[in-house]
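Asks: With chain L fixed as given, assemble chain P onto it according to the hints.
There are 2 protein chains.
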Amino acid sequence: MTGELLDISLKVIGIVRNGIKQRPESGWEKIVSEIVVDSRLTEALDGLEEFSHIIVIYWMHRVPALDKVPTKIHPRGRQDLPLVGLFATRAPYRPNPVGETTVRLLERRDNILKVEGLDAIDGTPVIDIKPCIPGLDAVTEAKVPSWVTKL
Amino acid sequence: MTGELLDISLKVIGIVRNGIKQRPESGWEKIVSEIVVDSRLTEALDGLEEFSHIIVIYWMHRVPALDKVPTKIHPRGRQDLPLVGLFATRAPYRPNPVGETTVRLLERRDNILKVEGLDAIDGTPVIDIKPCIPGLDAVTEAKVPSWVTKL
Numbered sequence: 003m004t005g006e007l008l009d010i011s012l013k014v015i016g017i018v019r020n021g022i023k024q025r026p027e028s029g030w031e032k033i034v035s036e037i038v039v040d041s042r043l044t045e046a047l048d049g050l051e052e053f054s055h056i057i058v059i060y061w062m063h064r065v066p067a068l069d070k071v072p073t074k075i076h077p078r079g080r081q082d083l084p085l086v087g088l089f090a091t092r093a094p095y096r097p098n099p100v101g102e103t104t105v106r107l108l109e110r111r112d113n114i115l116k117v118e119g120l121d122a123i124d125g126t127p128v129i130d131i132k133p134c135i136p137g138l139d140a141v142t143e144a145k146v147p148s149w150v151t152k153l
Numbered sequence: 003m004t005g006e007l008l009d010i011s012l013k014v015i016g017i018v019r020n021g022i023k024q025r026p027e028s029g030w031e032k033i034v035s036e037i038v039v040d041s042r043l044t045e046a047l048d049g050l051e052e053f054s055h056i057i058v059i060y061w062m063h064r065v066p067a068l069d070k071v072p073t074k075i076h077p078r079g080r081q082d083l084p085l086v087g088l089f090a091t092r093a094p095y096r097p098n099p100v101g102e103t104t105v106r107l108l109e110r111r112d113n114i115l116k117v118e119g120l121d122a123i124d125g126t127p128v129i130d131i132k133p134c135i136p137g138l139d140a141v142t143e144a145k146v147p148s149w150v151t152k153l
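Residue numbers (the working numbering), protein chains in the order written: chain L, 3 to 153; chain P, 3 to 153.
The set of hints was computed from the structure by calculation and includes no laboratory data.
Warning: the hint list may mix true and false statements.
Note that identical chains are pooled: a pair holds if it fits in a single copy or bridges any two copies.
Straight-line distance between alpha carbons at most 27 Å, and here's what the computed DSS-like set of lysine-lysine pairs gives [as the list claims (entries may be wrong)]:
1) K32 x K145
2) K13 x K152
3) K70 x K145
4) K32 x K70
5) K13 x K70
For reference, chain L alone in the conformation it holds in the complex (with noise of 0.2 Å):
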């Protein structure tokens, strides 16, 4: 079961537009974007403009398809990090090049979600968008290994 192939097509429901060309490690939390969700899912969005923030769910198109990633890496490359399993960080580099962010929503036009904070190059395809629940997702009391502080 683990390790098989789901072949599958995946809906691009919405593109990200930030104009951002190069994906940079840090500093993502301050960038403003655009997702322009497919017209045709305009009323999909109703009422998402009443929470503060959006889980954003999106395919790093980018990222080189590798046959084997490695499996322990320093956190950002950064060698002063302690090697730790690829799962225990955010790589982009993951057997699925799939991209899970918390953003802030600003903003909602029509089919056009204005957000603050998504760690994503222009272009890249939103394959889905789910309200940030507390209790369900907001965990307030999360525990983190001391190398997380130093990122």
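Replies: For chain P alone, coordinates are given in the frame of chain L:
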């Protein structure tokens, strides 16, 4: 661009084991599941046990593929809740049946992750696992519409 299909192969990195065959609408919070990760990726989990919460991304393989998903729904099918856009809800019927849940990591034994609060049925293919990092994911001051408090 939007509305296009991305034909891709998702790699199944793990399988959910919890004995749950039918999806309940609620009550997932206390359900304990095991994620059995591909044993070739065991090393990629190293260090994950230092996080109290992880984000699990999975493919809802048993959700029927609908050619047309409804754009507006009553959350959880409850008529006492307002009719809102699909993307303002966490309904499993979405253009792409991608699930994403933040869960508590109870234990890691080699390639097996024991987690609490995963809303996925037995056999669900897991496609990514990410650490939950406060500031990035854990939003403390999220605002939500009033219907969410009635769920």
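Asks: All hints are to be evaluated individually against the structure, with a verdict given for each.
Replies: Hint-by-hint comparison with the structure:
1. In this assembly of identical chains, the alpha carbons of K32 and K145 lie at most 27 Å apart whether taken from the same copy (24 Å) or from different copies (19 Å).
2. In this homomeric assembly, K13 and K152 never come within 27 Å of each other (Cα to Cα): the closest approach is 37 Å inside a single copy and 31 Å across copies.
3. Proximity of K70 and K145 under a CA criterion of 27 Å is satisfied in neither setting, with 30 Å inside one chain copy and 41 Å between copies.
4. Taking identical chains as interchangeable, the C-alpha atoms of K32 and K70 are never at most 27 Å apart, the minima being 33 Å within one chain and 35 Å between chains.
5. In this assembly of identical chains, the alpha carbons of K13 and K70 lie at most 27 Å apart whether taken from the same copy (26 Å) or from different copies (12 Å).
Hints 2, 3 and 4 from the earlier list are contradicted by this structure; the remaining hints agree with it.
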